[in-house]
Amino acid sequence: MIAPPAADRAVDVPRQPVADPMRALLGNGLMFLLPALVLTTPDSLTVVQAVMLVAVLAAGRARWAAIWRLHGRAVRWIAFGFVGYFLVSLLRLAVFEHPLRTLDGPFRLLLSLSCIAFVCLYRPRQRWFWLGMCVGAIGAGVVALAEWQLAGVDRVEGFTHHAITFGDLAVALGVMALCSLSEWRGGRWGWLPVAALVSGLAASVLSGSRGGWVGLLLVVPPLLHYGSAVHGRRIVHAVLAVLALCVVAYFVPATSIERRTMDAVHEVQRWFAVNDATTHVGVRLELWKASWMMISEHPWLGVGRDNFFTALNALHAEGRLQASPALVYSSSHNDLIHTLATGGLLDFSLLLVMYLAPLLFFLRVLAQPGSEGRTAALAGMSLVVCYFGFGQTEVMFWLMMPKIFYGMMVCVLAGLCLTAGPSPLKR
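So for the sequence shown, our numbering puts the first residue at 1; every next one is plus one.
Be aware that one or more of the hints could be misleading.
Just the calculated beta-carbon pair ranges, DEER-fashion [as the list claims (entries may be wrong)]:
| id | residue 1 | residue 2 | range |
| --- | --- | --- | --- |
| 1 | 325 | 188 | 48 to 54 Å |
| 2 | 87 | 43 | 25 to 31 Å |
| 3 | 301 | 62 | 39 to 45 Å |
| 4 | 369 | 62 | 31 to 37 Å |
| 5 | 191 | 43 | 30 to 36 Å |
| 6 | 91 | 247 | 26 to 32 Å |
| 7 | 41 | 325 | 43 to 49 Å |
| 8 | 325 | 253 | 24 to 30 Å |
| 9 | 189 | 329 | 39 to 45 Å |
| 10 | 102 | 392 | 21 to 27 Å |
| 11 | 316 | 229 | 51 to 57 Å |
No wet-lab data here; the hints were simulated from the structure.
Ideal placement from N, C-alpha and C gives every residue a C-beta, glycine not left out.
Please model the complete structure; the sequences and the hints are all you need to start from.
Take a look at the structure:
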């Protein structure tokens, strides 16, 4: 756990009796529903976020202030990233007359900070959160299989209406579920986290999203390094078994993993050899090429968050880009490049804060031997690394759902780290 400053340890939070069944039901229920419903029902993130926000507001100003005095220093950089992103978005809207809808995502990220307060105020049991995570990942696999079999689609998208988003979030849920191995030690449900990871990966395969595998490859080394300190050899054996299963799946024609991998290699070769921008990978490379043109000409503020499509077609009109399917896209399909192209170094700096601040927070918790918050910290670290990997082939903070998912999960996991172990806020 990240301990509060010594001067603040005597500050307690006024609270209802711990035995209050309604408070326990609300706290534990939302902790279960948040991960369990995210990919198995439509619009669940919005509903859960709204209920959490109302619950926090109902607690009163005195309790918010006490929470901030106790834990504000520990989470200040996470708050700085989300608040800064919103304020810069508000400034851009006022100065450059961006559409009001461009403020929706940043505002939802800002509201995600209420999840930290919710966890600190209602102190839910972590077990419910991990159960919901496992149910959500397994549910994503069931939804993907049902859609693939019943609808006969090539790429499943669940309730997200976007195959890449569905595949990426399914991988993230599966990896985070695996981080809860110790929570099920010695019980009949010890297999649940591994089943959740396998289900999440299966959903990703059926979504046809290759970016999810980039995130998986990036997260395996730190997951093994830090996870072995938290869970011992069990997580090493689990990860190696799942990776072996992935190798087997690669050679099974029905999964189409081998075909899609070889297609990607061939499409890269064609783009470099004959400048073919008509393939899936060729389109991405053409978008990256155009993005670097925008970055070189607008390094500080970018072309505008809502102006990528306009700038892209302006480059084509100037004869600097060939006519290709890439010209219909509204993003670079790369988190870092898109942010630099549309928001310049200003937005890029905020993006780095939104990745690095949570990552460093969770790594500090993981560095504390014996901390009861290390399970949540391991899941938080894995989420950030996965998102960075997903972002190499997709813009994670462009579509609404990945933004809200990241903000809420980071803040809930941070709250679980803060309230774990001996503390004035201990249950």
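We went through each hint and held it up to the structure:
1. 325 - 188: 48 to 54 Å: holds (52 Å)
2. 87 - 43: 25 to 31 Å: Check passed, 27 Å falls within 25 to 31 Å.
3. 301 - 62: 39 to 45 Å: Given about 41 Å between the Cβ atoms, the range holds.
4. 369 - 62: 31 to 37 Å: holds (35 Å)
5. 191 - 43: 30 to 36 Å: holds (31 Å)
6. 91 - 247: 26 to 32 Å: Violated, at about 49 Å.
7. 41 - 325: 43 to 49 Å: Check failed, 33 Å falls outside 43 to 49 Å.
8. 325 - 253: 24 to 30 Å: holds (28 Å)
9. 189 - 329: 39 to 45 Å: holds (44 Å)
10. 102 - 392: 21 to 27 Å: holds (24 Å)
11. 316 - 229: 51 to 57 Å: holds (52 Å)
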